Amino acid sequence: MTESNKTENLPVEDRPLDDPILVRKAKRQAIFDAGDEPYRRRYDVDAHAAELAERYADLEDGADTGVTVHVAGRVIAKRGQGKVCFLVLRDGTGEIQVFCRINALGEEAYAAVKDLDVGDWIGVEGTVLRTRRGELSVAPGTVTLLSKSLRPLPEKFHGLSDKETRYRQRYVDLVMNPEVRDTFQKRFKIISAIRHYAEEQGFVEVETPMLHPIPGGATARPFITHHNALDRDFYLRIAPELYLKRLLVGGFERVFELNRSFRNEGMDLRHNPEFTMMEAYQAYTDLDGMKSFVKGIVTTAALAACGTTDITYQGTEIHLGGDWESRTMVELVSEAVGEDASFARTLDELRALCKKHDIGYEDSWGKGKLINELYDELVEETLIQPTFVCEHPLETSPLAKKKLGDPDVTDRFELLIAGREFANAFSELNDPVDQEERFAAQVAAKAAGDDEAMGYDEDYIRALEYGMPPAGGMGIGIDRLVMLLTDVPSIRDVLLFPHMRPEGGELRQ
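Just so you know, the sequence shown maps onto residues 1 to 509 in the numbering used here.
Keep in mind the hints are simulated off the structure, nothing from the lab. Note that the structure is predicted; figures quoted are calculated from it, not measured. Any given hint could be a false lead.
Said to hold, decoys possible - Once the Cα atoms are required to be at most 25 Å apart in a straight line, the calculated BS3-like pairs of lysine-lysine come out as:
(1) Lys291 <-> Lys114
(2) Lys355 <-> Lys369
(3) Lys295 <-> Lys189
Claimed, not checked - Ranges of calculated distance between the beta carbons of each label pair, as one might list FRET restraints:
(4) Asp450 <-> Gly405: 47 to 55 Å
(5) Asn228 <-> Glu207: 45 to 53 Å
(6) Ala53 <-> Asp450: 30 to 38 Å
(7) Glu331 <-> Val45: 53 to 61 Å
(8) Lys114 <-> Gly419: 34 to 42 Å
For every residue, glycine included, the Cβ atom is placed at its ideal position computed from N, Cα and C.
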């Protein structure tokens with residue numbers, strides 16, 4: 001803990017006179033008292049650190065370009081004494097040295113520079129040169145304080161012990177750990193590449209509601225809010241699926257949405273209550289069409305972030321190029337337990353398999369849910385290279401078409417990479433009678449205590465009754481994909497502001 005952290009919660013009158021926050025506040029007040037402004041409204045920037053480094057890469061040591069530039073950023077280091085002072089200025093592209101000389105600035109302006117603190121934001125007007133020691137620098141004629149920093153930056157902000165602080169104070173994390181900024185730059189590239197790829201495939205981006213009158217589109221526990229004007233409860237979006245498929249009914253053939261969705265569930269390395277995903281729906285295609293589309297999304301994102309489809313995640317090599325394997329869930333579970341785990345087994349036999357492998361279950365679960373639980377516990381984490389896990393049980397897939405000739409399973413796949421699910425896709429159910437029956441089953445499950453079951457969406461049934469074309473649909477978790485392509489273990493590492501428990505562990509009223 002830094003000295004400032006020890007004292008910052010003390011009453012002002014109890015803080016030591018050399019408390020750094022008090023010292024900086026005194027400097028701020030002195031600037032106001034002198035008739036100046038420590039928080040400027042504008043500074044016209046015409047150059048950035050990375051641009052200057054590239055432009056003058058061949059500038060010889062000791063050479064002065066004579067070119068005047070205006071740069072701005074945060075002071076992250078300061079050294080020197082006497083008539084020369086060096087500042088390190090960081091902007092949005094990198095760092096550059098500011099070579100301050102009393103002869104160029106004048107005594108009063110030089111004194112003001114010496115009085116700057118690490119963390120202050122400044123604007124610098126000066127000429128570009130390279131010092132005799134080979135450091136590209138801006139030698140200022142004027143230095144303008146743009147924003148006075150009152151809280152000193154921590155001396156150390158690294159290490160596992162600081163993870164909570166880093167996530168909670170992301171603004172400091174970005175200053176102290178430049179590699180964090182690199183992760184988010186890759187995130188932005190991934191999202192941009194995915195968006196462009198979808199558009200190139202003929203998809204149009206749409207926006208659908210975040211407040212839903214009925215929780216639907218996925219099986220998950222929703223957040224509930226209240227609309228005062230309508231005096232009714234609404235649910236934060238679990239998934240946009242049912243609205244996007246309404247657009248297929250209306251005549252759109254290829255639609256997608258990059259969206260924020262919300263699920264009122266636990267927080268761990270892979271889950272955050274709000275998250276980003278992409279859902280896309282294409283008329284006249286099926287599960288095979290979605291396999292091709294999902295693979296295109298993943299490989300395009302990998303090339304944008306990593307420049308290759310051969311990546312390493314947490315020490316394991318992952319090959320995203322080439323052919324991806326397709327396996328059925330029953331095949332994989334049967335291999336894992338060493339015996340047949342299909343729907344041909346009785347309910348009691350599947351329950352016995354769960355008991356044998358120390359997997360809990362509920363009495364209300366049917367065969368499909370039991371097989372799915374065996375898969376979740378015994379198989380999922382073993383699938384390292386990209387694998388499409390197909391033919392999910394009907395019981396756990398209320399929005400997917402039944403497989404022809406096998407009504408126990410559906411035309412559905414999940415994409416597994418590095419032991420994690422990344423995408424979920426269906427040949428979309430477009431039979432309104434079948435869908436109505438499945439919604440009814442979901443309502444019955446909710447009544448039996450399943451708080452993740454979907455509601456009965458009567459308007460969606462009405463839309464299907466007007467006719468929806470055959471279609472494939474998919475959803476892909478953007479946060480998990482960014483984790484994979486930036487080689488980080490926690491979803492919090494790829495969210496600028498992840499949800500955190502209150503500081504001190506107590507809820508504030």
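Evaluation of the provided hints:
For the suggested pair Lys291 and Lys114, the alpha carbons sit about 61 Å apart, so the restraint of at most 25 Å is broken. About 14 Å separates the Cα atoms of Lys355 and Lys369, which keeps this hinted pair within 25 Å; it holds. Between Lys295 and Lys189, the direct Cα distance comes to roughly 17 Å. Compliance with the 25 Å bound is thereby established for this hinted pair. The hinted window of 47 to 55 Å between Asp450 and Gly405 is violated, with their beta carbons roughly 29 Å apart.
Separation of Asn228 from Glu207 is about 24 Å and departs from the stated range, judged on CB atoms against 45 to 53 Å. Distance hint check for Ala53 and Asp450: the Cβ-Cβ separation is about 58 Å, which falls outside the suggested range of 30 to 38 Å. Checked against the hint of 53 to 61 Å, the pair Glu331 and Val45 passes, with Cβ atoms roughly 60 Å apart. Remark: the range hint 34 to 42 Å for Lys114 to Gly419 is contradicted by a beta-carbon distance near 55 Å.
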